[in-house]
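From just these sequences and the hints, can you work out the full model?
Counting along the sequence shown from 1, when you hit position 45 you're at 45 in my numbering, and nothing is skipped either side.
FYI, nobody ran anything at the bench for these hints, they're computed from the structure. There's no promise every hint is true.
Claimed, not checked - Taking CB as the label site, the calculated pair distances span: (1) Gly26 / Ser78: 15 to 23 Å; (2) Gly59 / Thr20: 29 to 37 Å; (3) Gly34 / Gln89: 14 to 22 Å; (4) Arg58 / Thr20: 34 to 42 Å; (5) Thr96 / Val57: 33 to 41 Å; (6) Met1 / Val57: 37 to 45 Å; (7) Gly34 / Leu60: 19 to 27 Å; (8) Pro10 / Leu45: 29 to 37 Å; (9) Ala46 / Ala2: 19 to 27 Å; (10) Asp43 / Val104: 20 to 28 Å; (11) Arg58 / Thr18: 35 to 43 Å; (12) Gly59 / Thr12: 36 to 44 Å.
All of these numbers come straight from a predicted model, not from anything done at the bench. For each residue, glycine too, the CB sits at the ideal point set by N, CA and C.
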Amino acid sequence: MAVLSVQQVPITGLAAVTFTAADVAGDEVPANRGVLLLVRNDDTLAKTITVATPGTVRGLAIEDPQVSIAAGTIGAISVVRSVFGATAQITYSAVTSVTVAAVVVDM
1 MAVLSVQQVP
11 ITGLAAVTFT
21 AADVAGDEVP
31 ANRGVLLLVR
41 NDDTLAKTIT
51 VATPGTVRGL
61 AIEDPQVSIA
71 AGTIGAISVV
81 RSVFGATAQI
91 TYSAVTSVTV
101 AAVVVDM
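Here's what the structure looks like:
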C-alpha cells in the first residue's frame with residue numbers, strides 16, 4: 001500500500017498536478033482537513049473507489065464512502081478529516097488505467 005503525498009494547489013489558480021498509478025494493494029492518504037483525492041479512470045470500464053475513513057464520531061463508525069468513477073473521467077473524493085496523523089485507506093475495484101493524486105488548496 002503506497003502513501004500518496006498531498007500536493008499543494010495555489011488558490012490563485014490551477015497548478016500542474018502529478019498523478020501516479022493506483023496501487024493494486026490500495027493507497028493511503030493523510031486524513032487532514034481539505035484533502036481531496038483525484039481519481040483519473042482512463043479505462044473503458046467504470047471503477048469503484050472505497051475510502052476507509054479512520055476513527056469514529058461519538059463512538060460510531062464513520063461510513064466508508066464508495067464512489068463510482070465512469071470510464072474516461074476524473075472523479076474527486078473529499079477525504080473525511082480525522083485525528084492528526086491518521087490516514088485513510090483507499091481501495092479500488094480494479095487499477096487498470098487508474099491514476100490518482102491527493103491535493104489540498106493552499107489558502
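Verification of the supplied hints:
1. Gly26 / Ser78: 15 to 23 Å: Given about 18 Å between the Cβ atoms, the range holds.
2. Gly59 / Thr20: 29 to 37 Å: Since glycine 59 and threonine 20 have Cβ atoms about 36 Å apart, the given range 29 to 37 Å holds.
3. Gly34 / Gln89: 14 to 22 Å: 19 Å, holds
4. Arg58 / Thr20: 34 to 42 Å: 36 Å, holds
5. Thr96 / Val57: 33 to 41 Å: 35 Å, holds
6. Met1 / Val57: 37 to 45 Å: 25 Å, violated
7. Gly34 / Leu60: 19 to 27 Å: 23 Å, holds
8. Pro10 / Leu45: 29 to 37 Å: Taking Cβ atoms as reference, proline 10 and leucine 45 lie about 34 Å apart, which means the hint holds.
9. Ala46 / Ala2: 19 to 27 Å: 23 Å, holds
10. Asp43 / Val104: 20 to 28 Å: Since aspartate 43 and valine 104 have Cβ atoms about 27 Å apart, the given range 20 to 28 Å holds.
11. Arg58 / Thr18: 35 to 43 Å: Cβ of arginine 58 to Cβ of threonine 18: about 38 Å, so the range 35 to 43 Å holds.
12. Gly59 / Thr12: 36 to 44 Å: 42 Å, holds
When each numbered hint is compared with the structure, a violation occurs for hint 6 only.
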